[in-house]
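Here is how the chains run, residue by residue.
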Amino acid sequence: MKCRFLVTGLLCFFLSLQQATAQQKIQGNVVDNVRKTALQGVSVQLVGTQAGTITDLNGHFTLQLPAMKKMPESVVLFFSMVGYANVEKTVPLAALNEALQVVMREDLLKLDEVVVTGQGLNVSKRRLSTNVTTISANQLKNLPVSRIDQLLQSQIPNAQFKLSGGQAGATSIVQTRGFNSAFSNSTPIVYVDGVRIDNLNTAPGLGMNISGGISQGASTSALSDIPLENIEKIEFINGGAATTLYGSDAANGVLQIFTKKGGASKANFTAGADVGVETATNDYLFFKRTRDLLFKTGMYNKYSVGVDGGTSDFGFSMGASYSKSSGVLIHNQNQIEKFDFRTGFHAKLSDAVKYEASFSYNTQNLKRARNANVGGYAGLWFAEDGASKIIGPGFNPKLDSLNDADYARVKSFVDSAEMLQNNGSVVNRFQTSQTIRYQPIKNLLIKGTFGVDYRAQTEQSVVSLAFNRHIRSNNVGSLSKYDRNYLGITLELTGQYDYKFRDFSFLTTAGMQLFRNKDEQIAYIGQDIRDGALTIGQAATKTSNERFSDVANYGIFLQENVGYKNRYFLDLGIRGDGNSAFGKSIGTQYYPKIGVSYIVSSEPYFKQWKQDVINSVKLRANYGVAGIFPTPFANDRTIQFNGFDGGQSASFGQPGNISLKPEKSYSKEIGLDLGLMNDKISFTVSYFNNTTRDALFVVPPAPSSGQANLLKNIGVITNKGWEFATQIAILEQKDWDLRVRASANTVENNVESTGDAPSFALNGLSSRTIQIVVKQGYPVGYISGNLGVFNPDGTLNSYIPQTFLGSTIPTLTGSFGLNLRYKNLSFFANADYQKGGYLDNWDKQFRVNYGASTEGVPAAEIAKNGASNWLNYSQLFVEKSDFLKVRTIGLVYAFNKQWLGKTFKAASIGFTAVNPFNFTASASDPEAVMPGGAQGQGSATTGGLNYANYSAPRQFIASLKINF
Amino acid sequence: MFHKIGYIIGMATALTFTGCQLKEVVNPNITDESYLGTTQSAQIWLNGMYRQLALTLNEVVTDAEITSDNYYNNSSLSNKVFDIPTILYSDLDVDNMQRAIGKLREMGDYGIAKIIPADKEATAHIKAEMAFVTGYACLLSGELYKGLPLTANGPVVPSADLFAKAIQHFKSALALQTDATRKNYYTLALARTYYNLGDKVNAVLYADAIMKTAPLLLLNVKFDGVNGVSNTMQTYTFSSSTNTYAPLPRLDFLDPKYYHVGNMATDQKPIAILKGEEAYLIMAEAAIGSGNLAGAKTILKNLIQEVVSKRPLASVNGSLAKRKGNRSDYPLLATVAVKADPQAPARNGLILDRQAGNITVYTVSGTSVQAANIDAAATEDEVLYLLCLMRQEIFMSEGRRMTDLGIRFPVSQVEMQNNPHVGAADIVAVIPAYIPLQLGMDDFIYDKANGLVTIKNDLNKILVQNKKAVGVLPMLK
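Protein chains in written order, with this note's numbering: chain S, 1 to 964; chain A, 965 to 1441.
Fair warning: there could be bad hints in the mix.
Claimed, not checked - Which stretches of chain S does chain A cover? Using the computed rule of at least three CB atoms under 8 Å from a CB of chain A, they are: (1) 285-293; (2) 468-476.
Said to hold, decoys possible - Examples of chain S residues lying across from chain A (beta carbon under 7 Å, computed): (3) Ala634; (4) Arg637; (5) Ile639; (6) Gln648; (7) Ser649; (8) Ser705; (9) Gly706; (10) Pro758; (11) Asn797; (12) Thr803.
The set of hints was computed from the structure by calculation and includes no laboratory data. A virtual CB, placed ideally from N, CA and C, is assigned to each residue, including glycine.
Model the full assembly from the supplied sequences, consistent with the hints where possible.
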């Protein structure tokens, strides 16, 4: 009903369009300047119109020229492709029938690349004072990973993606320019073709609890099921001035996926198969026998097909894949099965109007093993933490010291305990983006976008009577199911007008955007149910619960980019937002930005210099504001109702806050971008200084008030640091290519103020054990625990409670990449690293408690007090979380076309190792941490506590890809 | 050009209208303003107070039981330091307990001040019950803390003021209530409060009334596992597969008090907050305090005969309690004898063999003390010892022992950070010097070969030795 106006409006609009008339064609080929190879996927655009196409596998294009009342003397074609310098060709009318030969050269700095994200509409990077990272499909095509955050590991120079559980589909922790918020998860918001999609990267408010609590173990991430098929490119911008136009939603940055909407000329089919094995990453296991107890070698299969084609008037592109990973846990308790489907097309509705659409559907079905703090039984807790001492019949927890007969008993117990688990998550997700581009006059482009992301997740956790009996619990069997249905709707209308006056160029962008996210969660739980019965209706006792969240954010924005002599640019913008989650006394919130960009290398005096050493120099500086809106409905003071003893019961609900507003990140940045040695080297350096004001803290009130925690805008958090990124084309020849890239990012994070509020925990256990805490004067999320003071003889003298034991935030992060090609054979490797952070190895600490090991504790203390002080010297278990992890190493061979005959246009085989090498300072995996936020769904987390969490497995995958 | 402008206006209009529709969000929750004065608002608020009382007991009982010699937390679940006892104002459980009690009291104050005046259907019974539960929150505050705020962010008042407030509420409840059984509850609550205040005259006055008119009085607080309010003490002593809490071996026969059969969620046993036994125990202690040993002995024997022996028993499969955890040397055989401390005689019958068949559970009260033991007690200290032992055994798993030992919790760190009235003295726990530290309350030696458990410290003996200490045995002062 609500969409009635839009649909009616759009239909009227379509029906009134005039049909295009007869047209002329222009054809040509595009090749790489060094390798002389055909370039596929180059965008060819007729300047000043909507007409455009892309090159096919052979670099060939055919562009239909729109009918014009009066043909001009010449037409201008604009060729662009991610990673290549743009080319503009003026073709005289007389030469239209001649095949056009276009040569493009790679451009590492990409100064004239056109980007969209954060700009309203298309803008050349030259004009921008902020950085936009663009990743092409080409860059990603050989990485056989199946989730977006894993795909981006080591690909974005200044963003770090850590898969925090290692279990199938589990959440990740993203760090970009530190942590702006102690309230909201640091995951950037994600757009697909202009439509905001679900990016929940923590456990939902109501969800499967097989890890001890919302914050304490693996839970399914909405990032894990974003389809990766049919992607054309990905753009990423940091929170701050770059995301000002996204207003109250984007302080953590924006990741936008652009999908393919068409191919070149006739249909081009692709097919691929990835087959391989998976093995457990057992580098961090304490007991040698744990591997044998819990892990196995698994299989990975992925099959994909795709087709694209079209003309400048109509194009289509489709990709689909099926993948199955059996996982590395025994009894396939981490299996994941996915089906992704995405299609996109574009159609010319008239010379001035173009329609683009993309649809995707995917389903993901995964299994989840009990983990972390679930209690009762969890494989790693049992084996690695010494809990085998107390679980089931009870065993000697020193697994490696057991004789064969005793070990056989342990193995048999674990085998049954794993087999009897049946926990999983099923996701069905549908997305669409519908876009109309309307160019009524040459200098004005209007774009309207409407889209939906609907994600339905059902989690199921079975605790059978057989399992309970096996672990010696005296409870009955239960079946718990949790539905989470997310519906996100985005509406956006943006207009851009470019105008030149003498040496000035103006790019005016204005628009309005609305998104609405509805998140409905239902828990339905059956107790006392027969083993094998998998519907709640069959249970003797049934209970249910619901969590409902709904938020609407609506804003208008205006941006003016003024250029002078194509080298001095001033970028001004403002967004005003209303949001249903704001308090009643809060009106529209404004987010301004201002930036300057100066292309020094375009100065006439500069051009007279030796340009083969320094080709491009860009200086930029900006200031901007971006926000994060508060929790929906937290602004109202409410009464809470619960069923109790057969009737309703009422008590204090949330305390409410009429002045609740978004927390705002004020960012200042200066940067220098260099293109050196004939553009063989790109080098970027930035300094950023972000201050989050009115930071939202979930503040515990005095116990004497009887009130629940209160969400208040009281904090100040700062992040500052340097970012360096470089790419070097060491070798660029017809037969040889060698390119390396590296990045290094520092961050200094500090909670400047908590507004006199008490410290609070983001994660962890309890204050007397280990917590990840936010406190004034310290970094967001530091390890807090008891600091033991030892006597000279090694015995514990005393301890200081709740002491800073280390920051969980690494102060240095970065990545490396290497691409080497010899003729048709390519080798690539990607790695990332971090330094300066700490973790608490709770597994090690727990082993002391259960007598499985006394490693790390002075012998004199153990001799005197046994393990009774195990919580009082937590610093002994805090380790540096420094690591260097090689994410992918691969080899790809592309067959010569002459070998393929007429049936196949292209074919390649590859071999890739995923997660092959880890170098860590800690005895535990710095990434296998308790991932969630204790403050609830979508809350901040920085990791830092290792507790019975699985590491991401290794994969060795052979790939075959063909085009026909 | 008009066409073009028309298109643009059409698109913008369509989006604007749709946007206006989409931006309206309705909060599905009920605000406090809209709740006041609605049908049954007082009744439902009272039920919320009962629920909060159950939640409060979950904090109080589990924490107080391990902060005593009754139970040792033998697993990693629940608090690992109260056993020692280490009670820091920064401990999450210190905050949780105070928060639960604070919410119960605030709910009562809000109910009396706001909900009841606005609800025409609020009966005298509802008013009385609200006053009683609020008073019980004040009573718990006084028993567990040496001082707590009586209002939100208010000054920390000493336990005497907390008890005085409790008395005020209980008397108010008595005046409003017409039901005789409930009046008895309030009367026993008054006896207990005056007992805590050391007001022997009033304690005896109200306790005697109960002893004479309602010896089997039993006020239970209900739980509701189906709606997420399970009895945590039941979980820790019976339902948890890791046998969270292990009883002191001499109290083994009293474990568990709460259990489930079949579906745990639907079988959550209640916890008694007021029971007739307490009137006898108050009267006996007052008699000892007055030098009337014979009277005290008679009351204690009557207690066994008239009350404890009449409380229901249950036959329960307790075979999963294998006591495996941080300590795995708990005695498991009925043949094992127990010495209450190295100087005490060995006693049989205190340990249950849970593998030999169903065990007998004392669902309300049980005691190892027999009439003959009482008859044999000659001196004041000997009678007092039996009184202490009976108090411990009868109130087992009800969260009373910590207070009886003279231990008091500190005001929480979060209270201090929010409330300027909290001073440095308020945030320190009261742990009397006679309390053995380093897990000394729960420690024992098990001589497996000879089937003998020797408990390191007999806290009842220590209590008798320290009977004049502040905060214990108030009727002796």
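Hints, one by one, checked against the model:
no.: 1; hint: 285-293; in the structure: violated (count 0)
no.: 2; hint: 468-476; in the structure: holds (count 7)
no.: 3; hint: Ala634; in the structure: 10 Å, violated
no.: 4; hint: Arg637; in the structure: 5 Å, holds
no.: 5; hint: Ile639; in the structure: 5 Å, holds
no.: 6; hint: Gln648; in the structure: 5 Å, holds
no.: 7; hint: Ser649; in the structure: 4 Å, holds
no.: 8; hint: Ser705; in the structure: 4 Å, holds
no.: 9; hint: Gly706; in the structure: 3 Å, holds
no.: 10; hint: Pro758; in the structure: 4 Å, holds
no.: 11; hint: Asn797; in the structure: 14 Å, violated
no.: 12; hint: Thr803; in the structure: 11 Å, violated
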